[in-house]
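Protein chains in written order, with the numbering used here: chain A, 23 to 402; chain B, 23 to 402.
No lab work stands behind these hints: they were computed from the structure. Keep in mind that a hint or two might mislead.
Note: identical chains are not told apart, hence a pair may lie in one copy or across any two.
[As the list claims (entries may be wrong)] Listed next, the in silico BS3-like pairs over lysine-lysine satisfying Cα-Cα at most 27 angstroms (straight line): (1) 322 <-> 399; (2) 394 <-> 322; (3) 318 <-> 394; (4) 325 <-> 399; (5) 325 <-> 261; (6) 212 <-> 344; (7) 394 <-> 261; (8) 344 <-> 76; (9) 212 <-> 325; (10) 261 <-> 33; (11) 33 <-> 394; (12) 322 <-> 76; (13) 318 <-> 399; (14) 261 <-> 322; (15) 399 <-> 344; (16) 140 <-> 325; (17) 394 <-> 325.
Number of protein chains: 2
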Amino acid sequence: MSSILEFQVEKALPGEDGVPRARAGRIRLPGLHGQGHVIETPIFMPVGTQGTVKAVATRELEEMRAQIILGNTYHLYLRPGHERVERLGHLHRFMNWSGPILTDSGGFQVFSLSDLNKIDDQGVTFRSHLDGSLHRFTPELSMEIQRGLGSDIVMAFDECPPYPATPEQVQAAMRRTVSWAERGLRVELKPHQARFGIVQGGLFEELRTRSAREITAMPFDGFAIGGLSIGETPDLMQKMAYYTAPLLPQDRPRYLMGVGRPEDLVEGVRAGIDMFDCVMPTRNARHGILFTSLGKLNIKNQKFQDDAGPLDPECPCETCTKYSRAYLRHLFVCGEALSARLNSIHNLTYYLHLMRQMRTAILENRFDEWVKTFYSKINR
Amino acid sequence: MSSILEFQVEKALPGEDGVPRARAGRIRLPGLHGQGHVIETPIFMPVGTQGTVKAVATRELEEMRAQIILGNTYHLYLRPGHERVERLGHLHRFMNWSGPILTDSGGFQVFSLSDLNKIDDQGVTFRSHLDGSLHRFTPELSMEIQRGLGSDIVMAFDECPPYPATPEQVQAAMRRTVSWAERGLRVELKPHQARFGIVQGGLFEELRTRSAREITAMPFDGFAIGGLSIGETPDLMQKMAYYTAPLLPQDRPRYLMGVGRPEDLVEGVRAGIDMFDCVMPTRNARHGILFTSLGKLNIKNQKFQDDAGPLDPECPCETCTKYSRAYLRHLFVCGEALSARLNSIHNLTYYLHLMRQMRTAILENRFDEWVKTFYSKINR
Numbered sequence: 023m024s025s026i027l028e029f030q031v032e033k034a035l036p037g038e039d040g041v042p043r044a045r046a047g048r049i050r051l052p053g054l055h056g057q058g059h060v061i062e063t064p065i066f067m068p069v070g071t072q073g074t075v076k077a078v079a080t081r082e083l084e085e086m087r088a089q090i091i092l093g094n095t096y097h098l099y100l101r102p103g104h105e106r107v108e109r110l111g112h113l114h115r116f117m118n119w120s121g122p123i124l125t126d127s128g129g130f131q132v133f134s135l136s137d138l139n140k141i142d143d144q145g146v147t148f149r150s151h152l153d154g155s156l157h158r159f160t161p162e163l164s165m166e167i168q169r170g171l172g173s174d175i176v177m178a179f180d181e182c183p184p185y186p187a188t189p190e191q192v193q194a195a196m197r198r199t200v201s202w203a204e205r206g207l208r209v210e211l212k213p214h215q216a217r218f219g220i221v222q223g224g225l226f227e228e229l230r231t232r233s234a235r236e237i238t239a240m241p242f243d244g245f246a247i248g249g250l251s252i253g254e255t256p257d258l259m260q261k262m263a264y265y266t267a268p269l270l271p272q273d274r275p276r277y278l279m280g281v282g283r284p285e286d287l288v289e290g291v292r293a294g295i296d297m298f299d300c301v302m303p304t305r306n307a308r309h310g311i312l313f314t315s316l317g318k319l320n321i322k323n324q325k326f327q328d329d330a331g332p333l334d335p336e337c338p339c340e341t342c343t344k345y346s347r348a349y350l351r352h353l354f355v356c357g358e359a360l361s362a363r364l365n366s367i368h369n370l371t372y373y374l375h376l377m378r379q380m381r382t383a384i385l386e387n388r389f390d391e392w393v394k395t396f397y398s399k400i401n402r
Numbered sequence: 023m024s025s026i027l028e029f030q031v032e033k034a035l036p037g038e039d040g041v042p043r044a045r046a047g048r049i050r051l052p053g054l055h056g057q058g059h060v061i062e063t064p065i066f067m068p069v070g071t072q073g074t075v076k077a078v079a080t081r082e083l084e085e086m087r088a089q090i091i092l093g094n095t096y097h098l099y100l101r102p103g104h105e106r107v108e109r110l111g112h113l114h115r116f117m118n119w120s121g122p123i124l125t126d127s128g129g130f131q132v133f134s135l136s137d138l139n140k141i142d143d144q145g146v147t148f149r150s151h152l153d154g155s156l157h158r159f160t161p162e163l164s165m166e167i168q169r170g171l172g173s174d175i176v177m178a179f180d181e182c183p184p185y186p187a188t189p190e191q192v193q194a195a196m197r198r199t200v201s202w203a204e205r206g207l208r209v210e211l212k213p214h215q216a217r218f219g220i221v222q223g224g225l226f227e228e229l230r231t232r233s234a235r236e237i238t239a240m241p242f243d244g245f246a247i248g249g250l251s252i253g254e255t256p257d258l259m260q261k262m263a264y265y266t267a268p269l270l271p272q273d274r275p276r277y278l279m280g281v282g283r284p285e286d287l288v289e290g291v292r293a294g295i296d297m298f299d300c301v302m303p304t305r306n307a308r309h310g311i312l313f314t315s316l317g318k319l320n321i322k323n324q325k326f327q328d329d330a331g332p333l334d335p336e337c338p339c340e341t342c343t344k345y346s347r348a349y350l351r352h353l354f355v356c357g358e359a360l361s362a363r364l365n366s367i368h369n370l371t372y373y374l375h376l377m378r379q380m381r382t383a384i385l386e387n388r389f390d391e392w393v394k395t396f397y398s399k400i401n402r
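Assemble the whole structure, with the sequences as input and the hints as a guide.
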């Protein structure tokens, strides 16, 4: 099968089970203007829900070497509207980001954010969380919206069952996800757009196996593990990712949706995942929770009020090289806009640096050792 | 009288009354580390109330070529405290700004922001607007706080009578301002710190004349016109500035405090003022009110939703060169943090550019002509 997306596995290390898992790779995408993009994996994708990564400008995303960012179909459909975004030069031009963009299908937000959503085999009817207006998403419309947004990677429209859910509920959602995936594939996209399918199956290994078999049989350019990180414990999430990753083709990118904490990224890479996204680094930043090479800290803690040192002495970001912990605490306590920005820049830099470190460790055949050091540092 | 501040008037144009008024000049300050600063006047000073110009980082202030910024003594005394700021390398290091800083005396905020302030001849007792705690400012303490902050220009502690006020009230405040100015002058500052005296007198020409005579007799490095832009009409404010400016020495910088709208800056320069500060560009930016070469606009207006053009086609700022009006409207409507930032960058760039244009027009002997063009553009 030919693919608009080229994926090269540069190195894959065997896991404890002997299966090839932690891997470094390269994704090649054609780009909206044929300019070509390369994404070095494993990679974390900053989340730009409403056409902006919250509190951060695209110049800073470039400075921290973000390689791909995420946009949310549900939000952009409601505001400013995908047709408007398309007229304004697609999401890239609209938000001034020339790198690749992945858009989700809108399904997850319809279930989690909108009011009164009603699902049937044809699609989902819901009320906007903004003004209560009535809308309906179908697999076809999700593709059309993402086509209008012009993203580089388009996600299939899936049904994510809630947690907890019975095997019967999960199975029903799984079946719908397969049928919706087929319907979405019949909608033509723009020539530069790649498509990812989504594996569901909740926390049931048998259902994950079946979902993976059905979804990977379809001509997608990459595959995602959906339905995790929705309320289950991190341990269960990590186990299910570990179980599911090798069910996905080795020669296609694997994307673990909505994950997670730094340790979840480490466990995800160990399981064989290539791509991640999560609002955690930016959301936590806005709440003053900062990730550092020495573990997590809460910048509003009074002990930082006289701390002239950098937030993270190992971090090369603007926040850590130009400002003190005392200043960051002051900004946070005062509720200044600069606080969210500097904190977000740092947390995203931390996440992206973490991924680059893992990539290098894999390429240099010392991933297990790196993981040990990582845990010993953040747990001390 | 020798002065830590050197001021050179490069050109002063006669006003309609034949008196030298609109002028271009150069202020030289030694700098906290002896590095030397030059400020080309007339100049607008962005306001950095709590150790940050709201929603903007110092790198952007550098990019827009801000030459001097303002810090607020009242706010920084309450949080994080001037002694802490001093320990952390003065306000410059604390907020990562290497250019000159002017600090106000704290007086104006004590009257306008704090609860239950009580004034006597020795000072002002007030309750913090943050937590109701009891504090007392004296002319001496104001100097000590500003010394701790390490600003380059220190303002005298004055009493700003409210508007409206009777001549008797204004006169009493004026007398106190003179006595407080004398007391402040007896407090030693750091070697790099210049001091400005403040002329009061409300809207009464006779009192302004007397206040100017008394304050300018003291060894200040520059002089400010206080007590304006506190509720009177712009017309009255402009008239009083025009009246007062020539009462201040020609060989010292003149600073019109808390002013104002773009047209107020133009009229201020026409009157013979060299320095201005105001929260208007940043506060308006946060409310979506943007100043452009073609007049003011409200970015939330629906007519901008499909406008792919730049906010101000004549503006070289990041906001105008990288983003569309449609995107700026979207960010504002969504309440995204990036909105306040991009809007603030633009409004400040507009203000600074306005000042540079006036300076050039003065130096090139075509200020009156420039003023006519300015009004014809913003009023069309």
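Against the structure, the hints:
1. For the homomeric pair residue 322 and residue 399, the shortest alpha-carbon distance inside one copy (22 angstroms) is at most 27 angstroms, but the shortest distance between copies (48 angstroms) is not.
2. Taking the shortest Cα distances, residue 394 and residue 322 never come within 27 angstroms of each other, neither inside one copy (30 angstroms) nor across copies (52 angstroms).
3. For the identical chains of this complex, residue 318 and residue 394 are intra-copy neighbours only, at 17 angstroms inside a copy versus 58 angstroms across copies, given an alpha-carbon limit of 27 angstroms.
4. In this homomeric assembly, residue 325 and residue 399 come within 27 angstroms of each other (Cα to Cα) only inside a single copy, at 21 angstroms, whereas the closest approach across copies is 54 angstroms.
5. In the homo-oligomer, the alpha carbons of residue 325 and residue 261 never lie at most 27 angstroms apart, since the shortest distance is 37 angstroms inside one protomer and 52 angstroms across protomers.
6. When the C-alpha separation of residue 212 and residue 344 is checked against a cutoff of 27 angstroms, the pair qualifies only between copies, where the shortest distance is 25 angstroms, while the shortest distance within a copy is 43 angstroms.
7. Proximity of residue 394 and residue 261 under a CA criterion of 27 angstroms is satisfied intra-copy only: 19 angstroms inside one chain copy versus 73 angstroms between copies.
8. Taking CA atoms no more than 27 angstroms apart as the test, residue 344 paired with residue 76 passes in both settings, with 21 angstroms inside one copy and 17 angstroms between copies.
9. For a Cα distance limit of 27 angstroms, the shortest separation of residue 212 from residue 325 qualifies neither inside one copy, at 53 angstroms, nor across copies, at 29 angstroms.
10. Proximity of residue 261 to residue 33 under the C-alpha cut-off of 27 angstroms is restricted to the intra-copy arrangement: shortest distance 23 angstroms within a copy versus 76 angstroms between copies.
11. Only within a single protomer do residue 33 and residue 394 lie at most 27 angstroms apart by alpha-carbon distance; the minimum there is 20 angstroms, versus 69 angstroms between protomers.
12. In the homo-oligomer, the alpha carbons of residue 322 and residue 76 lie at most 27 angstroms apart both inside one protomer (20 angstroms) and across protomers (19 angstroms), since each shortest distance falls under that limit.
13. Taking the shortest alpha-carbon separations for residue 318 and residue 399, only the intra-copy value of 11 angstroms comes in at or below 27 angstroms, while the best inter-copy value is 53 angstroms.
14. For the homomeric pair residue 261 and residue 322, neither the shortest alpha-carbon distance inside one copy (34 angstroms) nor that between copies (48 angstroms) is at most 27 angstroms.
15. With identical chains, the CA atoms of residue 399 and residue 344 are at most 27 angstroms apart within one copy only, with a shortest distance of 24 angstroms there and 41 angstroms across copies.
16. Taking the closest pair of Cα atoms, residue 140 and residue 325 never come within 27 angstroms of each other, the shortest separation being 49 angstroms inside a single copy and 34 angstroms across copies.
17. Proximity of residue 394 to residue 325 under the C-alpha cut-off of 27 angstroms is found in neither arrangement, the shortest distances being 29 angstroms within a copy and 57 angstroms between copies.
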